[in-house]
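Visitor: Listed here are the chains, written in short residue letters.
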Amino acid sequence: MKASNMKLRVPSLTLGCLLLGGTLFGQNVPATDTAITHAKIFTLAGVPVEDGTLVIHEGKIAAVGVNITIPAGAKVIDAKGLQVYPGLFDPITQMGLSEISAVGATVDTTESGSFNPDLVAATAVLPSSAHIPVTRAAGITEVLAVPASGGFDSARATNLIGGQASAINLAGWTATEMLIRKNAAMVVDWPEIATRSFDYSTFSTKEKPFSDAKKDYDKSVDQLTNWIAESRHYAQVAAASGAAYDRDVKLEAMILVVRGEMPVLVFADKARDIRNAVEFCENQNLKMILAGGGEAWKVKDLLRSKSVPVILRPTLDYPIEDDDAYDRLMTQPAELLAAGVKIAFGSFDNSFARRLGQQAANAVAHGLAYEDGLKAVTLYPAQILGLDDELGTLETGKIANLIVTNGDPLELTTEVRYLFIKGQLTSTDNKQKDLYEKYLNRPPAAK
Amino acid sequence: MNRRRVSFGAAVIALLFLLAGTTGVAREKETKASAAANPAPVLLIHNATIITVTHGTLENGDILIKDGKIAAVGSALKPPADAQVIDASGQFVMPGIIDCHSHIAVDGDVNEGSVSVSSMVNIADVLNSDDPAIYRDLAGGVTEANVLHGSANSIGGQTVVIKLRWGQPAAKLPFEGALPGIKFALGENPKRSNFRGFGLPERYPATRMGVEETIRGAFTEARDYKKSWDDYNKHVAAGDKNLIPPRRDLKLDPLVEVLEGKRYVHAHCYREDEILMLLRVAKEFGFHVQTLQHVLEGYKVADEIAAAGTGASTFSDWWAYKVEAYDAIPYNAALMTRRGVVVSVNSDDAAEATHLNQEAAKSMRYGGLTRDEALKLVTLNPAIQLGIEKRVGSIEVGKDADLAIYNRDPLSAYAVVQKTLIDGRVYFDRERDLAGRAALEQEKKELLQKAKKSAEKKADGKRAEEKKSEEKKPEEKAKPPQVRIDEGGAR
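Same order as they appear, the protein sequences are chains R and Y.
Under numbering that gives the first Met the number 0, think of the first position of the first sequence as 0, with each following residue one higher.
Under numbering that gives the first Met the number 0, think of the first position of the second sequence as 0, with each following residue one higher.
The hints are all genuine.
No more than 35 angstroms apart at the CA atoms, straight line, and that leaves these computed lysine-lysine pairs for DSBU-like:
(1) LYS207(R) to LYS457(Y)
(2) LYS451(Y) to LYS299(R)
(3) LYS250(Y) to LYS282(Y)
(4) LYS299(R) to LYS443(Y)
(5) LYS218(R) to LYS297(R)
(6) LYS341(R) to LYS443(Y)
(7) LYS305(R) to LYS286(R)
(8) LYS466(Y) to LYS452(Y)
(9) LYS299(R) to LYS452(Y)
(10) LYS321(Y) to LYS430(R)
(11) LYS341(R) to LYS286(R)
(12) LYS452(Y) to LYS218(R)
Think of the hints as simulated: they come from the structure by calculation, not from any bench.
Can you build the whole structure from these sequences, using the hints too?
Guide: Structure (C-alpha cells):
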C-alpha cells in the first residue's frame with residue numbers, strides 16, 4: 000500500500016518534496032527559514048498583498064509584504080497564482096478525543112458525573128487520530144478540543160461543568176507538542192428547561208410537565224451556584240494561605256474561572272436558556288463565551304451589551320423552531336455582527352470539521368461580508384479565545400500557521416496546496432487519500 | 000447527531016390550525032389546491048444560464064414551459080401572448096434536485112423495529128404533507144425525494160417517490176407512475192450493534208451472516224408463495240373451477256413484486272463484504288438490486304456493482320460516525336463513477352437536503368468529476384436510479400418542468416436558490432418568502448395571544464365547573480387543565 004502511495008503522490012507534493020528536500024509526513028522536521036514568494040497574501044490585517052512574500056523563521060512569521068529580503072539559505076516556495084491565508088481555526092471540535100462516535104471505546108469526550116472542572120482535554124488528545132490529517136487537508140491548522148461537547152456519550156450525560164477545553168495545533172508527535180493552550184476555556188453545559196427529552200431506553204420522546212422541568216432546571220442552577228461559591232471561597236483561602244491549605248482538585252481547577260481569567264464556554268441554543276446563562280455569568284462575574292447560539296439573534300442586544308461572543312453552531316443545520324424562517328441560521332451571523340456581537344463559526348464535530356469553510360460561505364451568501372466570513376474562521380475564534388496575539392492573522396511575530404491555496408478557502412472546490420503549522424510544511428495526506436489511491440489502482444475485477 | 004427540538008409554540012399553532020381551520024397557511028393551501036386544479040400557466044424563464052446536464056450549458060437562454068412540461072429550450076424564444084415571464088438575467092437554471100434517500104414528510108417514526116422483515120408496512124400510508132421539511136428542502140432546490148423507512152430491519156418497509164408539492168394534500172405528493180420500492184438494510188443497523196445497552200431487546204439477526212439468512216429466508220418463502228399463486232392462476236386460466244386461492248400474505252406480496260421486477264430494492268449498506276453478499280443473494284433469487292444506499296465502501300467493489308447494473312447512492316463526505324463508516328472517503332462518488340456505476344449523492348437528513356448542490360460539487364475536488372458529472376449526481380443519476388429519468392433529471396423538451404433557479408453557479412457554496420418549480424408551477428419563491436415574513440410573524444403573535452387567552456378562559460371555566468361539581472359531587476376528582484402555556488415560564 001505504501002509503495003503504491005509513493006508512486007502516486009500528487010504533483011504538488013512531489014514538487015514540495017523536491018523543493019524542500021525532506022519528508023513531510025510527520026510533522027515537525029528541524030526548523031529552517033522558508034519564504035513563500037509571488038503569492039497574493041490575505042493577511043486579514045489589512046488589504047491583500049499582491050505578488051507578496053512571506054518569510055517564516057523559527058516557526059513564526061518573520062516578515063510579510065512586498066520588497067522583502069529573502070534570508071540566505073531559506074527554502075523558497077514560488078506561489079505564483081496561489082493565495083496565502085491564515086490557517087483555519089475550528090473553535091469547537093472533539094478532535095483527538097473521539098475517533099468513531101458510535102464506539103464508546105474510542106470516545107473520551109464526556110465524563111460521568113456533573114462537576115468535572117479538573118478534566119483537561121489535552122490529556123486525552125490522540126495525536127495519531129485519523130481525523131487530524133483529514134481535517135488538516137481542509138486547511139484547518141488549529142482547533143479547540145472541547146470535552147462534553149458532542150458525540151453519543153454526551154447525549155446521555157449529565158455534565159454541568161464538563162472540563163477544560165484545550166487549543167491545539169493539528170500537528171505534533173505528542174499532545175504536548177501540539178498544545179497551544181491547555182486551559183483555554185471551561186465548558187459549561189447550560190441546563191435546559193426541557194419538557195421533552197429523548198429517552199434512550201425506549202428510543203422515544205418523553206414529556207414531562209413544565210413545572211417538573213423547571214424544578215430540575217432550578218436544581219441544576221442551584222448546584223452550579225453552589226460550586227461557584229465554593230470555588231470562590233476556595234480561591235480566597237488559596238490566595239490567603241499560600242501553600243498551606245487542604246487541596247481539592249476540582250475546586251483548584253476552578254480558581255482561574257472565578258478569577259475571570261479562564262472564560263466559561265457555555266453551551267446553549269434557546270433564547271431563554273441564553274438569557275438565563277448570561278444573567279448567571281454576570282451575577283457570578285464569569286467571562287462568558289456562548290457556544291451554539293441557535294437563537295442568539297433573539298437576544299443580540301443582550302449579548303452585545305454584556306460583551307458575550309458567540310461560537311455559532313453550523314449554519315447548515317435546520318433552524319431551532321419549525322416556524323423559523325428556513326434560512327434563519329444562515330442569516331443570523333450577519334445580523335449578530337451588525338448588532339455588535341462578536342461571532343465565530345464552529346463545526347461542533349470531528350467528521351464535519353472540514354465543512355467549516357462551507358458554513359462560513361453559506362453565511363456570506365446570506366448577507367455576511369466576505370471578509371467577516373473569512374475572519375470568523377480565523378481571527379475571530381482566536382480573539383474570542385484570547386489567542387489573537389499568536390494566531391488569526393498573518394502578521395510578524397505570530398505563529399506561522401498558514402495555508403497556500405488555489406483559491407478562496409471557503410469555496411467547495413478549492414485545494415490546499417501547502418499547509419504550515421508552527422512554520423513547518425505539514426502533509427495534507429491522510430487515510431482517505433491513501434484509500435482513494437489504493438482503490439483507484441485496483442485492477443479491473445475478474446468477470 | 001443534531002439534536003432535534005420540538006417547538007411548543009409550533010405545537011400550539013398546529014393545534015389552533017386544527018381547531019380553527021381558517022388560518023393563513025390553511026388559506027394558502029386552499030388557494031394552492033385550487034390552483035393545482037387549474038392548468039399550469041405558460042411560463043418563460045428568460046435570459047438565464049441554463050445547465051441542461053445532458054446537452055451542455057446555454058448562456059442567455061430561455062425555457063418555455065407549457066402544461067407543466069418543458070416545451071422549448073433555446074435563445075431568444077418568443078413568448079406566447081399569454082405567457083408569464085420570469086426574468087432570470089444573471090441567474091442559473093438547473094434541473095430540480097432529486098434526493099434519492101430521504102425521511103421527510105413521514106408522520107411518526109420511520110422504523111417498524113419489532114421484526115426483522117417488515118415488508119408489510121408502507122411509508123406511503125403515513126405521508127405528512129404538513130412537514131415543514133418539505134418547504135425547507137424545496138427552498139434548497141429539491142423537487143423529488145425517495146422517501147424511505149429507516150434501517151432497523153434487514154427487509155424494511157415499502158417506499159415511495161414524492162414530488163415536493165408543498166401545500167398539496169398528502170395524496171398529491173407521490174410521483175405519478177414511479178415504481179414503488181422497498182428498503183433493505185445490511186450491517187450494523189439491522190444487527191443492532193450500536194443500540195445494545197439502551198435496554199432494547201435482543202433480536203435476530205445479530206451478525207452480517209444472520210442478515211444474509213434473514214433475506215434468503217424471506218425470499219425462499221416469497222418464491223414458494225409466488226409459485227402457489229402461479230399454479231393457482233394457471234389452473235384457473237385452464238378453466239379449473241372450485242379451487243381455493245392461496246392465502247394472501249401481506250409480508251410476501253411486496254417481495255413477490257421484487258421477484259417480478261415490479262418493485263425496486265433500495266438497500267442500505269456500508270461494507271464491501273455485505274455489498275457483495277446482497278448482489279449474490281439477488282442473483283440466487285433472480286431479482287435486481289436497484290440501488291445501494293450509503294454504500295460508503297462501494298469504491299472498493301465498484302466493478303462488481305457496475306457489473307450488476309446496480310446504482311449507488313452515497314454521501315458526499317460523511318465518515319467515522321460508526322465502524323462501518325470508518326473507511327468512508329469523499330472520493331467515493333467519483334471513484335464509482337469512473338468505474339461505470341450510476342452514482343447519486345443523497346441526504347438521509349432533511350437539513351442536508353437543502354444543500355445537495357454543494358455536496359455534489361465536492362466530487363469535483365475529491366476525484367475530479369467534471370461540472371456536468373457532479374451535477375448529475377443530484378439530478379439525472381438519481382432519476383435513473385428511481386426509474387423516472389424519462390420525466391425528470393435534465394432540462395430537455397418534453398420533460399416535467401421541475402427546475403431550480405439559483406442566483407449564482409449552483410456548484411458554489413455562495414449560490415442561493417431563488418425559485419423552485421414543479422410541474423411548471425413556482426412552489427418556492429425566495430422573494431415571496433422574504434416578503435411574507437413580517438405577516439407570518441404578526442400572525443404567530445396573534446395566535447399565541449389567542450392561545451393564551453383561550454387557555455386562561457378554559458382554566459377559568461374549569462375552575463368554575465370544579466367549584467360547581469365540588470358542591471354537588473364532592474367525591475369526583477378534578478382533572479388538570481388540558482392546555483398549558485410554557486412560553487411564559489422564562490426565568
